[in-house]
Amino acid sequence: DAGITQSPRYKITETGRQVTLMCHQTWSHSYMFWYRQDLGHGLRLIYYSAAADITDKGEVPDGYVVSRSKTENFPLTLESATRSQTSVYFCASSESRGGFEQYFGPGTRLTVT
Amino acid sequence: DAKTTQPNSMESNEEEPVHLPCNHSTISGTDYIHWYRQLPSQGPEYVIHGLTSNVNNRMASLAIAEDRKSSTLILHRATLRDAAVYYCILNAKDTGNQFYFGTGTSLTVIP
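Residue numbers (this note's numbering), protein chains in the order written: chain S, 1 to 113; chain G, 1 to 111.
Be careful, since some hints might not be right.
[To be verified] Restraint-style ranges between C-beta atoms, simulated for each label pair:
| no. | chain 1 | residue 1 | chain 2 | residue 2 | range |
| --- | --- | --- | --- | --- | --- |
| 1 | S | Asp53 | G | Glu66 | 25 to 35 Å |
| 2 | G | Asn23 | S | His41 | 27 to 37 Å |
| 3 | S | Glu59 | G | Asn13 | 42 to 52 Å |
| 4 | G | His19 | S | Glu59 | 27 to 37 Å |
[Said to hold, decoys possible] To give an idea of the interface, some chain G residues facing chain S are shown, with a C-beta separation under 7 Å as derived from the structure:
| no. | residue |
| --- | --- |
| 5 | Pro44 |
| 6 | Tyr46 |
| 7 | Gly50 |
| 8 | Phe101 |
| 9 | Gly102 |
| 10 | Thr103 |
| 11 | Gly104 |
[As the list claims (entries may be wrong)] Counterexamples of contact, computed for chain G against chain S with all Cβ distances above 12 Å:
| no. | residue |
| --- | --- |
| 12 | Met10 |
| 13 | Glu14 |
| 14 | Pro21 |
| 15 | Glu45 |
| 16 | Ser61 |
| 17 | Arg77 |
| 18 | Ala83 |
No lab work stands behind these hints, which were simulated from the structure alone.
C-beta atoms are modelled at their ideal positions from N, C-alpha and C, and glycine is treated no differently.
Taking the hints into account, I'd like the entire structure generated from these sequences.
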């Protein structure tokens, strides 16, 4: 399917477990982003990537790890999930920097028990 | 990072124009002004963006103040499908294109 997809769409995990959220885009966009959205709040940037093998921290990177070995994929890993990481996670991609539209995925709702 | 200020909520009658304001008094010369909206249970969706001049597209118009310290998103005829949270975001031209969202304006459209 063309566009940007996220998997899984819903995930329940236990405290302390590792969980990986997947993001895939078919446009060959250079930039990819991970955001989290907590109930009643706007989105906050976790990590972003300007190209394969180039990643950088956003506002709230603690407790998360990212990698980008291929342009089209940008997985987000919670190495040891905590209840405070219960959130909706959105992946986005963009053609280039500054002034370009970001395309968002449908989101992954993660619950940590 | 430059911040934006928006009203928490607004209401509009269906088929009437809606003007959603945004203040960004600390905007720099290289900051783009973006507007996104988020419908319930969906990811944000691009609406419009601009740098200095007013912009129009099929979804909306963006009016930017001459000093760029404020902007207004204009929906020409609100429909029930326009009910969403609208985010005004500044994005520096020379950075990594990361966005910093505020809490946005929740728009209610009254039939």
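Does G/Gly102 meet its interface restraint, that is, does its C-beta lie within less than 7 Å of any C-beta in chain S?
holds (5 Å)
Restraint outcome when G/Gly104 is required to lie within 7 Å of chain S by C-beta distance
Holds - the Cβ of G/Gly104 comes within 7 Å of chain S, reaching about 6 Å at its closest.
With chain S as the partner, please determine if G/Thr103 meets the hint condition of a C-beta pair closer than 7 Å.
holds (5 Å)
Distance rule for G/Glu45, whose beta carbon must clear each one in chain S by more than 12 Å:
Not fine: 7 Å to the nearest Cβ puts G/Glu45 too close to chain S.
Classify the label on G/Glu14 as holds or violated, using whether its beta-carbon is more than 12 Å from each beta-carbon of chain S.
Given a closest Cβ separation of 26 Å, the condition holds.
Does G/Arg77 clear chain S by more than 12 Å, comparing its Cβ with all Cβ atoms of that chain?
Non-interface label on G/Arg77 holds, nearest chain S Cβ at 23 Å vs cutoff 12 Å.
Against chain S, does G/Ala83 hold up as non-interface, every C-beta pair farther apart than 12 Å?
holds (17 Å)
Examine each Cβ of chain S, and state whether all of them lie more than 12 Å from the Cβ of G/Ser61.
holds (17 Å)
Does the nearest C-beta of chain S fall within a distance shorter than 7 Å of the C-beta of G/Pro44?
holds (5 Å)
Verify this label for me: G/Pro21 is non-interface relative to chain S, using a Cβ-Cβ cutoff of 12 Å.
holds (17 Å)
Take a look at whether the Cβ-Cβ distance between S/Asp53 and G/Glu66 falls inside 25 to 35 Å.
violated (43 Å)
Against chain S, does G/Met10 keep a CB gap of more than 12 Å to every residue?
holds (16 Å)
In summary, the numbered hints that this structure violates are 1, 2, 3, 7, 15.
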